[in-house]
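Asks: Sequence order for the protein chains is A and B.
So for the first sequence, my numbering puts the first residue at 1; every next one is plus one.
So for the second sequence, my numbering puts the first residue at 336; every next one is plus one.
Among the hints, a few may not be true.
Stated by the list, open to error - Here are the simulated SDA-like cross-link-like pairs (lysine to any residue), alpha carbons at most 25 Å apart as the crow flies:
id, chain 1, residue 1, chain 2, residue 2
1, B, Lys-767, A, Val-118
2, A, Lys-328, A, Arg-254
3, B, Lys-627, B, Tyr-689
4, A, Lys-328, B, Arg-461
5, B, Lys-767, A, Val-115
Because the hints were derived from the structure by calculation, they are not lab data.
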Amino acid sequence: MPFTVDLPTVFAFVIAFAIFAYVVMDGFDLGIGILFPALPAGRERDSAMNSIAPVWDGNETWLVLGGGGLLAAFPLAYGMILSALYAPIIAMLLALIFRGVAFEFRWRDPGHRAVWDVAFNVGSVVAAFAQGVTLGALLQGIAVQDRGYAGGWFDWLTPFSLLVGASLVCGYALLGATWLIMKSEGPLQARCYRLAFPLGIGAILAMAAVSAWTPFLREAYWLRWFAWPQVLFTAQVPLLVAIVSVAFLVGLHRRHHYTPFLMALALFTLGLAGLGISLYPYVVPPAVSIWDAAAPDVSLRFMLPGVLVMVPVILAYTGYSYWVFRGKTGHEGYH
Amino acid sequence: MFEALDAVLLARLQFAFTVSFHFIFPSFSIGLASYLAVLEGLWLSTGRQIYLDLFKYWLKIFALVFGMGVVSGIVMSYQFGTNWSVFSDKVGPVIGPLMAYEVLTAFFLEAGFLGVMLFGMNRVGRTLHFTATLAVAVGTFISAFWILAANSWMHTPTGHVISAGGQFVPADWLAVIFNPSFPYRLVHTVFAAYLTTALVVGAVGAWHLLRDHLNDGARVMFSMAMGMITVVAPLQILAGDQQGLNTLEHQPVKVMAMEGHFQSYADGAPLILFGWPDQTAGVTRYAVEIPKASSLILKHALDAPLKGLDSVDRKEWPPVAVVFWSFRVMVGLGFLILTLAAFSMLARLRKGLYDWPVLHRFAVAMGPAGFVAVIAGWVTTEVGRQPYTVYGLLRTTDSVSRLDAPAVAASLLAFVVVYFVVFGAGVFYILKLMNQPPHHGEAGPERGEPVRAVGLMAGPAMARPGIAPRDREI
C-alpha cells in the first residue's frame, strides 16, 4: 500500500483530544464546585448545580476515555504514569466520588445539604488540584527503568507540580464562573461577573508562570520552544494567549454573556497546545516516546474505525443533550 | 520478599474491594434500566397512569444508583495502571481496546442520554424521551458485552500470540472477543442482573403490600417482579450449570476448588454439600457428601472419574475455602430464589398474590439476595482463577506494579473509609426512597426542573393532550 498512516501519532492525537474534551467539559463543572463557597446557599447554589446536573456524567466519561484509551493505545505509558503518580491519582479518584454523589445526595437529604455541599466543593478542589499536579509531574519527567516506574513515591511532589495544581484550580474556577455567566441571570450572573475578573487575571498569570518555568525543566523543552526557526511557529502561542486575554477582558468589561466563557476555553486550548508542543513525541518524558509506548499496530488498527465512527457520533448526541438543556438556568420551580 | 508479597496481597484486596463495591451498582442498573424502559413503553402503549407513576418512582432510585456506579467505575479504569502496571503493559494490547470500545459505544451512550432520561421529559416529547430511556438501557447491555468479553478472555485466553518481550498481541480479534467462556459468562451475568433487579423491585412491592395490600403501584411492581423471577430463575440455574461445564472444560482446577475435591476419584466423585476445605492438609474436613453426585452433575454419569487438586501442583491451587464457600452461597441463594418463584406461582394460581403476608415477608427478606449471590459468584470465578490474572499464562505476582506496601495500605484504607461513608449514605437514601409508597401522580427526580430555558415554556410534550399538569414536573 503506497499510503501508510503512523498509528501511534494518530492515537496520540486521539488521546490528546480526549483530554481536551475532558478539560473543556468537566472543567466548568469542576469549576462550579470550586466556586461553591462563594455562592450563597439556596437559590444561587441550586441554580448553579442544576445547570450542570444533566451533563456532568457525560463530561466525566471523557476522563474514562482518556484512561481507557491510554491503556489501549499506550499500555506502557499508562502503567508508568499511573504508578508513578499513585498518590495524586488516588486522591483525584476519591475526590471525584465525593463530588459525583453530591449531585443526587444534596437533594435527597436537605437536612445534611450543607455537608454534601462541602463534599462537592472539597471534592472538586482536590480533583482539580490533583489533575494539575499530575500534569506538572508528567511534564517535569518520570524516572523509568525496565518498562516500569523507577522513582520514589513522592517524586511528583515539587514546587512546579504544586504550581500547576494551583493554576488548574484557578483555571477551572474561571471556566465555572464564565459558564455561569452564560447560563444564569440576575444576582447569580452579577456575582459571577465579579468573580470572573480576579479569576481571569489569576489564570492568565498562572499560565504565564507555568509557561515561563517549563523551558527550564529540561533542555529539550527549551530547544523546542526557542530554537531557530521553529520559534517562529511556537511564538504564535504566547501571541495568541495575549490576544485571547485581551478579548476575554473586553468581553467581561462589556458584560457579554458568551465571550468570557469562549475566551476562557480558548485560553485552555492554547495551554494544552503548549503542553503538546513541549511533550511531543514523548508520552512519558524524558525517555519514552509514543512509539516506544504504543500498543502493537494490530491493536491500534482494531480501534481506529471505532474512534473514527464513534467520536463524531458521541459529539453529536452530546451536542444534542446540551441543546435540550440550553438557555438560562431559571429559578422557577424552586418555590 | 515477604514485604513484596504483602504489597501484592494489599493490591489484590484493594482491587477486590473496589470492584466488588462497583459491581453492585451495574448489576442493579442493568436490570433497572430495562425495567424502566418496559414501564415507559407500557405507559406509552396503554396510556395508563400507573406505569408512568412507577416509572417515575424507580427513576429517582435509578438516578442514585447510576451516579454511584459512574464514580466507582472511574476508579476501576485507573486502577489497572496504579496497581497493576505490569499487567497493563503486557495485557493492555488485548483488553485495552475492548475497554476502549466499551467507553466509546456504551458509557457515552448511557451518560449522554441519562440527562434527557432523568430531567428531559417535558423538553423533548414522549417519543424522544422513550428513545433516551432505550438508549440508556441498551448502553448498559453493550457495556456488559465488552467488559465481560475482556474479563472472559482473562479466564480463557484465545486469539493472541505472546511477543518476545512477553506482551500479549492480538492475532484474531473475533477469537479474543468470543473466547470460549464469554457466551456463558455473558448470559449468566445478564440473567443475574435481571434477577437482582427483580428481587429488589419485588421486595419493595412486598414491603408496601404488607402495609397496604390495595396499593395499586405496589401490586403492579410486585406482580411484574415475581413474574420476572419465575421466568428467569430456572433459566439462570440452567445457565449456571452450562457455565460450570464450560469451566470444567477450560479451568478444571477452579471446579476442583468449587467442589472441594482435593483427591481424585476413579469411579464417581461425591458431591460435597458442606465441609471445611483445609488447604494446608489438602483435605475437606467434616464433609457432608452425596456419593457419586458430583460426577453425575459434571459428567452426567455416576461412575465417571473426576480429577482432584492432587493431580496438579500446589502452586496452581487457588484459595480453596474461599472458592468452595462463595460457590455454596451463590448456589444456595439461587435455590432460595427458585423457591420464591415457585411460591409466587402458587399464590398467583390461588389468586392470592397480593393477600399472602408470608409470601410478602419472604420476598422482602430476599430483596438483597441478588446482590449477595452476584458478589459470591464473582468471588467464586475470580478467586478461582488465582494464582493467575491471565489464566495459565500470567501470574498475579508477576502482574503487579512495583508497589510499596505502606502506599497501598494507605490507599486501601482510604478507599474503605470513603466507600463505606459515601456509598453507605447512598444506600440509606435509596432505602428511604423505597420506604415511600408508590402513589398516584408520582414526582420524578425533580428539583422543580433542573434547567429551564427562557421562552421555551411551550415544550413539545406540553402541547400534547392527555398529560395531566402534574406529569410535567418530571
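Asks: Next step is simple, just say for each hint if it's right about the structure.
Replies: Hints, one by one, checked against the model:
1. B:Lys-767 x A:Val-118: holds (22 Å)
2. A:Lys-328 x A:Arg-254: holds (19 Å)
3. B:Lys-627 x B:Tyr-689: It is violated: about 43 Å lies between the C-alpha atoms, which goes past 25 Å.
4. A:Lys-328 x B:Arg-461: holds (23 Å)
5. B:Lys-767 x A:Val-115: holds (18 Å)
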